[in-house]
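*Asks:* Model the full structure from these sequences, guided by the hints.
Protein sequences, first through last, are from chains A and B.
Be aware that the first sequence starts at 1, since it is given in our numbering, and climbs by one per residue.
Be aware that the second sequence starts at 1001, since it is given in our numbering, and climbs by one per residue.
Hints should not be assumed to be uniformly reliable.
To be verified - Which bits of chain A does chain B cover? Going by a derived footprint, with three or more residues having C-beta under 8 Å, they are:
id: 1; region: 45-58
id: 2; region: 229-235
id: 3; region: 275-284
id: 4; region: 306-317
If you're looking for bench data, these hints aren't it; they were derived computationally from the structure.
C-beta atoms are modelled at their ideal positions from N, C-alpha and C, and glycine is treated no differently.
So you can see what is in the structure, the chains are spelled out below.
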Amino acid sequence: MTVRIGIPRGLFYFKFHPLWETFFTELSAEIIISPPTNRRILDEGIKCSVDEACLPVKIFHGHVQYLKDKSDMIFIPRFTSISQNEYVCPKFGGLPDMIRQSIKELPPVIDTEINLRKNPKQLFKAAAEIGRVIGADDRRAARALKAALAAQAAFEKKQAHSVMSEKSAGIFDAYSRSGERVLKIALIGHAYNIFDSYANMNLLERLAKQGIYAVTLEMLEKKAIDENAETLSKRLFWYYGRQVVGGTLHIASMDDIDGIIYVMSFGCGVDSFSCDLASRLVRRKRDIPFTVLTIDEHSGEAGIETRIEAFADLIRRKRAADENNVSASWQCIYNC
Amino acid sequence: MKITFPHLGNVYIIAKALLDDLGLEYVIPPFNNRSALEIGARYAPELACLPLKITIGNLIQAYDQGADTVLMAGGNGPCRFGYYSVMQKEILKDAGYDMDMIALEAPNGDLREFFRRIKRLSNGKGITQVLKIVKSTVDVAVMTDELEKLCFRLRPREAVKGSVERIYKSFRGKILNVKGSMQIKQLIKDTAEELLSIETDSRLVPYKIGIVGEIYTTIETSSSFNIQEKLGAMGAEVHREVTLSGWIIEHMIKKALHLPRDLRYAAAAKPYLGTMIGGHAEETIGNSIIHANDGFDGIIQIYPFSCMPEIVAQSILPKVESDTGIPIMTLIIDEMTGEAGYLTRVEAFMDLLSRRREGKAYCI
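*Replies:* Listed below in structure tokens is the structure:
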């Protein structure tokens, strides 16, 4: 009988779903993915998590609630580290424990630790361990991982080209056809904030409607991000922290980017430092408009809509005024 | 070079011992008060953890007194503290308080840079002398924490309310007027004698309360409304396993020299929290269990708003509570909290403990 593995559509799902889906499918497991975040999932998540948890973690709780009676096992790996010399964030490291204590009547949880901080090869050990849990021998697991990594690489290559969905692209094309200047804005944030369209209130679509083409971290050259991150006096020890700061500094040297929108979750510890550091360092390098959108479970749509509109407006006016040499002091209202 | 460092409980005593013995010039910021937080909150990012804000306030106050170099501890995450030194340097620079930063760590694993920084601090002294001074400093750390433990033990038992607090407060001020580890050790010994000579009421049986949580808000008690001292006045003997000397010896020295450490808390926490996730989450859970097994009356978890490891610990503590039966209360601190609300909750908690005790008496 095939084992049904529940995969919550939250947190690292947005980054690694081809890897996981391919891996489990290769091992003949049936995968059940929770639906895209909706009102019910968010509410369930808020109800069972501790108040102080950040929005993405609460949403994740909601997804687990959805899956618990529909699957034989739930896949909640313990992500201590996904890159050398870096951690992810304490909540990722303690996630399976948080879930176990907060949600009743859970099926068995696959909570294998992924810790690539000192040894990148640990991934193979972890894959073998997960394979064993669902009854696959180490050789099958290794083969499945190989196929999964190939699928992941293909996905990342596609994302490097553009992250806007076909729907957004459609709105966007219509906009540019009307002749208004299209803006290229860097959209900085964790994958689960950028790509969970319920959590961020359809951000990518809204940006397209304003004639904004979003450039995310996934679309930047990895080498350039690393080189820029190296300029820090002390290495940032969080994966996303380093990506964000390196990415933002790289963007400062990209003349075709008109502005930066930073999307962060209220209460995100890592972002509280990374966002501040990124904005400080980029400001010293270039006078680029920079705004922060903070999302939490209470965000009202009108607020986000207004801020995006105003930001786009500001940039378009600045472009027009720059031709008349007006000072750049307007963006101080919007800089974080 | 005029050195300064942020406040963290009695770390100023330890730093003073070290810097006096090394013969270096330094500035001690004013003892933590509302204004350090107000100043720091103006410049630090809004969602940064409270200790970053207060420490920046300390450093700015020290700058105004002529400091030009900051001495800070380092770290490698995942807790944000490891990056404090960089955030402080950049924030102070932008705010117009540019200071040199000496972080006691090997940045990016660069041991040579670590020794270069130690050399700057050794002020021309040779390695043997520096090691002697470090040993003396660690002794001061241990003795200071023992003194604090003595106060925790005596506060609920004092016959005249406030006697312990008066002596301890005076001690903290007197430290500023002595010089070098020898004189500091002597002052600690004298204060201990003074404390042991106060009148105590042997009829009183204090409640035993374990304090767990984030290191800054539990050691720098002014940041958490001096709750640990006030608990003493309410009849509770406070126990806090996370101490400065503990951190220096277990975390800095033993870890660096690969010596075996006291990891009982990690073993106790294992069924609830699988691994180290940063900060003191493991200690929070492990020590809560150990305290419960030792028959403590209650646990209070204290942490600053948005502290990531403690949020994870907080979500797990209800299970510890239901498994062991020990009452656990969590207090979250940020710059906007009003003292009265906190004290009311602590008083209510003590009421709960007293009713439980009466209940136990009837069950005999």
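*Asks:* Take the hints in turn and mark each one as holding or not.
*Replies:* Hint check results:
Closer than 8 Å: that is the beta-carbon criterion, and the region 45-58 of chain A has 4 residues meeting it against chain B, so the requirement of 3 holds. Against chain B, the region 229-235 of chain A contributes 4 residues with a C-beta closer than 8 Å to a partner C-beta. That satisfies the three-residue criterion, and the hint holds. With 5 residues carrying a beta carbon less than 8 Å from a beta carbon of chain B, the region 275-284 of chain A meets the three-residue requirement, and the given coverage holds. With a cut-off of 8 Å between beta carbons, the region 306-317 of chain A has 0 residues touching chain B; three or more are needed, and the interface restraint is violated.
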